[in-house]
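Based on the provided sequences and hints, a complete structural model is requested.
Now for the letters of each chain:
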Amino acid sequence: DGGITQSPKYLFRKEGQNVTLSCEQNLNHDAMYWYRQDPGQGLRLIYYSQIVNDFQKGDIAEGYSVSREKKESFPLTVTSAQKNPTAFYLCASSTHREETEAFFGQGTRLTVV
Amino acid sequence: RKEVEQDPGPFNVPEGATVAFNCTYSNSASQSFFWYRQDCRKEPKLLMSVYSSGNEDGRFTAQLNRASQYISLLIRDSKLSDSATYLCVVRRGNQGGKLIFGQGTELSVKP
Chain A
919 DGGITQSPKY LFRKEGQNVT LSCEQNLNHD AMYWYRQDPG QGLRLIYYSQ
969 IVNDFQKGDI AEGYSVSREK KESFPLTVTS AQKNPTAFYL CASSTHREET
1019 EAFFGQGTRL TVV
Chain B
91 RKEVEQDPGP FNVPEGATVA FNCTYSNSAS QSFFWYRQDC RKEPKLLMSV
141 YSSGNEDGRF TAQLNRASQY ISLLIRDSKL SDSATYLCVV RRGNQGGKLI
191 FGQGTELSVK P
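Chains as they are written, first to last, in the numbering used here: chain A, 919 to 1031; chain B, 91 to 201.
Simulated from the structure, these hints should not be mistaken for laboratory data. One or more of the hints may lead you astray.
Restricting the straight-line Cα-Cα distance to at most 25 Å, the calculated cross-link-like pairs of lysine-lysine (DSS-like) are [what the hints assert, rightly or not]:
| id | chain 1 | residue 1 | chain 2 | residue 2 |
| --- | --- | --- | --- | --- |
| 1 | A | K975 | A | K1001 |
| 2 | A | K975 | B | K200 |
| 3 | A | K975 | B | K92 |
Here it is in structure tokens:
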């Protein structure tokens, strides 16, 4: 079955550590996105990528980094520079066609301890 | 001002009620529009796309007014299972399809 997979589902990190969240899709989608959601809030765009080896900053990119070496994969690294990293992280993918929707992974809940 | 703004919630309604959510967007380059549903601590899932002519799917009706830059979602005969957060989503055509989310409107349907 085609889909988008995030791992791990829950992640605990000590302050000052970098951590990488995985996102893999087998939908053959060109575009991939990372969003952050805080309790009671909407989704805020961190980074997005329209094609392999290219990506753009979203609204809250500071303290985060990404790579897009393969079409299927768009990992997100939360660095120690991110001051409030505890949040729910959602990865999504879509085609380039404007009228098509995005599909989401199940999310990773990151907690800094 | 946020690019996509939704009615602040929460909406608390009895079963069987009709409820309407509104959403406005500020960027006229926006090309495509969607309503997503998000259950507590889960990922958003597509509820329906919104077309210029308006569209209906069972108890759900979505409408788009490009002149006023306004989108709406109407839910008729509310069920307990409709309780969730509803997210308005706009896709910009001139930036390779960047997806912008509203902050969401929470709906709670009570017996």
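Hints versus structure:
no., hint, in the structure
1, K975/A - K1001/A, "holds (18 Å)"
2, K975/A - K200/B, "violated (41 Å)"
3, K975/A - K92/B, "holds (17 Å)"
When each numbered hint is compared with the structure, a violation occurs for hint 2 only.
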